[in-house]
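**Student:** Chains as they are written, first to last, in full-length UniProt numbering: chain Y, 1 to 391; chain C, 1 to 188.
To be clear, the hints were calculated from the coordinates, so they are not data collected in a lab.
If you're wondering where the values come from, they're calculated on a predicted model, not measured in any experiment.
Here a beta-carbon is modelled for each residue, glycine too, at the ideal position from N, C-alpha and C.
Any given hint could be a false lead.
[To be verified] Capping the alpha-carbon separation at 30 Å, the derived lysine-lysine pairs in DSSO-like fashion look like this:
hint, chain 1, residue 1, chain 2, residue 2
1, Y, 182, Y, 116
2, Y, 239, Y, 369
3, C, 35, Y, 40
4, Y, 256, Y, 110
5, Y, 369, C, 43
6, Y, 182, Y, 40
[Claimed, not checked] Which residues of chain Y face chain C? A partial, calculated answer using Cβ under 7 Å:
hint, residue
7, 26
8, 28
9, 335
10, 339
11, 343
12, 344
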Amino acid sequence: MRLQLSPELEAFREEMRTFFTTQVPQEIRDTVAAHRHPTKEQYVEAQQVLNAAGLAVPHWPVEWGGRDWTPLQRHIWREEMQLASVPEPLAFNASMIGPVIAAFGNQEQKERFLPKTANLDIWWCQGFSEPDAGSDLASLRTTAVRDGDDWVVNGQKTWTTLGQHADWIFCLVRTDPTAEKKQRGISMLVFPMDTPGVTLRPIELLDGGFEVNEVFFEDVRVPAENLIGEENRGWDYAKFLLGNERVGIARVGATKRLIAQAKEHAQAIISGGRPLAEDPRMASRIAELENELVALELTALRVVANSADGKPHPASSVLKLRGSELQQAATELVVDIAGPLSLASFAEDGSDVPDWARVATPSYLNYRKVSIYGGSNEVQRTIIAGSILGL
Amino acid sequence: MNFDFDSEQNDLREAVRGLLARAYSDSEQRRTVVKTDPGFDEKTWARLAEMGLLGLPFAEEDGGMGAGPIEVAIVAEEIGRVLAPEPFIEAVVLAGGLVAAVGTAEQRGELIGAISEGTTIAVFAHAEPGTRWTSTAEGVTATQAGDGWTLTGVKEPVPSGARADVLVVSAAIEGGTGLFLVQGTPPG
Numbered sequence: 001m002r003l004q005l006s007p008e009l010e011a012f013r014e015e016m017r018t019f020f021t022t023q024v025p026q027e028i029r030d031t032v033a034a035h036r037h038p039t040k041e042q043y044v045e046a047q048q049v050l051n052a053a054g055l056a057v058p059h060w061p062v063e064w065g066g067r068d069w070t071p072l073q074r075h076i077w078r079e080e081m082q083l084a085s086v087p088e089p090l091a092f093n094a095s096m097i098g099p100v101i102a103a104f105g106n107q108e109q110k111e112r113f114l115p116k117t118a119n120l121d122i123w124w125c126q127g128f129s130e131p132d133a134g135s136d137l138a139s140l141r142t143t144a145v146r147d148g149d150d151w152v153v154n155g156q157k158t159w160t161t162l163g164q165h166a167d168w169i170f171c172l173v174r175t176d177p178t179a180e181k182k183q184r185g186i187s188m189l190v191f192p193m194d195t196p197g198v199t200l201r202p203i204e205l206l207d208g209g210f211e212v213n214e215v216f217f218e219d220v221r222v223p224a225e226n227l228i229g230e231e232n233r234g235w236d237y238a239k240f241l242l243g244n245e246r247v248g249i250a251r252v253g254a255t256k257r258l259i260a261q262a263k264e265h266a267q268a269i270i271s272g273g274r275p276l277a278e279d280p281r282m283a284s285r286i287a288e289l290e291n292e293l294v295a296l297e298l299t300a301l302r303v304v305a306n307s308a309d310g311k312p313h314p315a316s317s318v319l320k321l322r323g324s325e326l327q328q329a330a331t332e333l334v335v336d337i338a339g340p341l342s343l344a345s346f347a348e349d350g351s352d353v354p355d356w357a358r359v360a361t362p363s364y365l366n367y368r369k370v371s372i373y374g375g376s377n378e379v380q381r382t383i384i385a386g387s388i389l390g391l
Numbered sequence: 001m002n003f004d005f006d007s008e009q010n011d012l013r014e015a016v017r018g019l020l021a022r023a024y025s026d027s028e029q030r031r032t033v034v035k036t037d038p039g040f041d042e043k044t045w046a047r048l049a050e051m052g053l054l055g056l057p058f059a060e061e062d063g064g065m066g067a068g069p070i071e072v073a074i075v076a077e078e079i080g081r082v083l084a085p086e087p088f089i090e091a092v093v094l095a096g097g098l099v100a101a102v103g104t105a106e107q108r109g110e111l112i113g114a115i116s117e118g119t120t121i122a123v124f125a126h127a128e129p130g131t132r133w134t135s136t137a138e139g140v141t142a143t144q145a146g147d148g149w150t151l152t153g154v155k156e157p158v159p160s161g162a163r164a165d166v167l168v169v170s171a172a173i174e175g176g177t178g179l180f181l182v183q184g185t186p187p188g
């Protein structure tokens with residue numbers, strides 16, 4: 001097994017690293033490194049810097065800004081971005097609706113949406129989950145009824161991430177309630193969030209932040225031309241889109257950065273008269289986590305080196321499962337290093353407790369989501385049992 | 001060895017559970033309370049006191065109920081069960097526990113009854129920025145000044161510190177760590 005990058009790929013890594021660490025504004029990277037939520041303006045600025053250099057949507061078709069890279073190059077691109085604390089291109093744009101429109105939209109839709117989607121001139125949000133349709137997405141009940149040249153949408157979506165910043169929503173709606181299989185009667189519509197009849201209500205999260213929303217639709221009129229692809233084929237597009245969501249979900253780079261920070265904190269905290277990092281139990285806990293992360297990274301590299309045609313490799317479920325577990329283990333580690341200081345979660349400026357300890361618990365709580373989104377870990381175990389282990 | 005709870009302990013659990021179920025029947029109620037100063041519900045605190053729970057671990061001669069760690073654990077479990085924000089651990093177990101364990105007869109007489117009745121909230125100010133679960137104090141020092149002591153340094157975080165009537169502060173003294181009672185918010 002060769003674990004070394006070729007000289008060409010080494011050069012590629014260096015090029016990415018140099019770009020990310022010199023071209024993306026330091027203030028934005030500091031915000032991400034400190035586990036604070038970037039503002040909308042910071043997200044937009046970062047993505048536009050990447051897009052101007054052709055680094056926002058490398059996995060798209062070349063015609064629309066893609067780079068025709070190998071899976072390994074894309075992996076390096078993503079890893080270096082995470083290591084440099086660069087906010088990743090908005091997933092709803094870059095990984096979700098963009099590729100769907102590129103693959104299934106008509107020419108007019110591609111021209112209308114793709115350039116603005118890559119440049120974050122349009123901020124998209126995802127209208128999938130509903131109060132009674134989460135992991136069982138096909139049970140969704142939001143309806144769209146044809147009326148002349150419009151679709152009329154009624155219903156409710158929930159857990160709409162960063163919907164408060166969004167200009168447009170891509171939405172799964174039921175267009176054929178009589179379809180024999182519930183998956184068959186679903187279509188994908190896109191429309192502006194300021195369309196009359198759209199109401200957004202923020203949901204306060206466990207970490208005190210406002211990241212997700214409920215979105216209500218009351219007789220929302222959407223022009224027929226805003227249907228993506230074919231009527232009643234929305235489920236296929238959703239599956240295509242969720243397959244993309246799983247790519248890069250291992251977030252090895254982000255966890256590496258978290259553990260590196262944890263080690264610095266463990267040096268700074270004094271426990272029993274010496275740095276906590278010198279405590280044998282703490283040292284072995286960190287070492288164990290790092291070993292598991294190396295194993296995950298090697299698995300991720302094997303998967304990207306062997307995946308073809310952009311199809312999700314079955315092992316990507318392993319990456320999602322272990323990746324989310326290690327992200328959660330790393331955030332838990334930081335809370336434990338902070339110890340009682342992590343209780344100062346919502347302390348105001350002027351506190352003597354360092355910033356990292358104040359965000360430790362909110363970050364830990366926020367990261368509960370990673371074992372739920374992108375197909376919950378229970379769903380991933382079922383996929384592993386079926387398509388890898390053949391059970 | 002018998003690990004079963006006796007009937008009194010089961011009754012205690014039922015009573016605490018009932019009281020807290022009324023106070024925190026849904027998470028919205030809890031959120032509202034946590035968001036409003038002092039971050040817990042004074043009325044619920046008074047009811048816990050009426051039930052004798054705030055004096056649970058203290059000796060009867062000091063004004064407590066003379067119960068043991070099992071009873072304290074039962075109350076703590078029920079508080080955790082509904083994530084009730086009342087500072088039972090901070091005030092009763094930690095601060096009250098320290099006064100009961102090492103306080104003078106005078107200090108016990110002054111504080112234990114008041115803590116048990118819920119009229120005084122005492123909290124333990126021990127954590128210091130830059131340390132973690134230490135048994136000693138370093139960042140705050142105490143020096144003798146006339147009839148009293150002068151404490152200097154920063155304790156943070158102090159859970160429920162903003163509401164406390166009395167702080168039990170750990171501070172470095174010559175040859176070890178001392179505990180000091182500080183009333184409310186004195187100058188400095």
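**Student:** Hint by hint, note whether the structure agrees.
**Tutor:** Hint by hint, here is what the structure shows:
no.	hint	in the structure
1	Y/182 / Y/116	violated, 33 Å
2	Y/239 / Y/369	holds, 20 Å
3	C/35 / Y/40	holds, 26 Å
4	Y/256 / Y/110	violated, 37 Å
5	Y/369 / C/43	violated, 35 Å
6	Y/182 / Y/40	violated, 37 Å
7	26	violated, 26 Å
8	28	violated, 28 Å
9	335	violated, 11 Å
10	339	holds, 3 Å
11	343	holds, 5 Å
12	344	holds, 4 Å
Of the hints listed earlier, those the structure fails to meet are numbers 1, 4, 5, 6, 7, 8, 9, in rising order.
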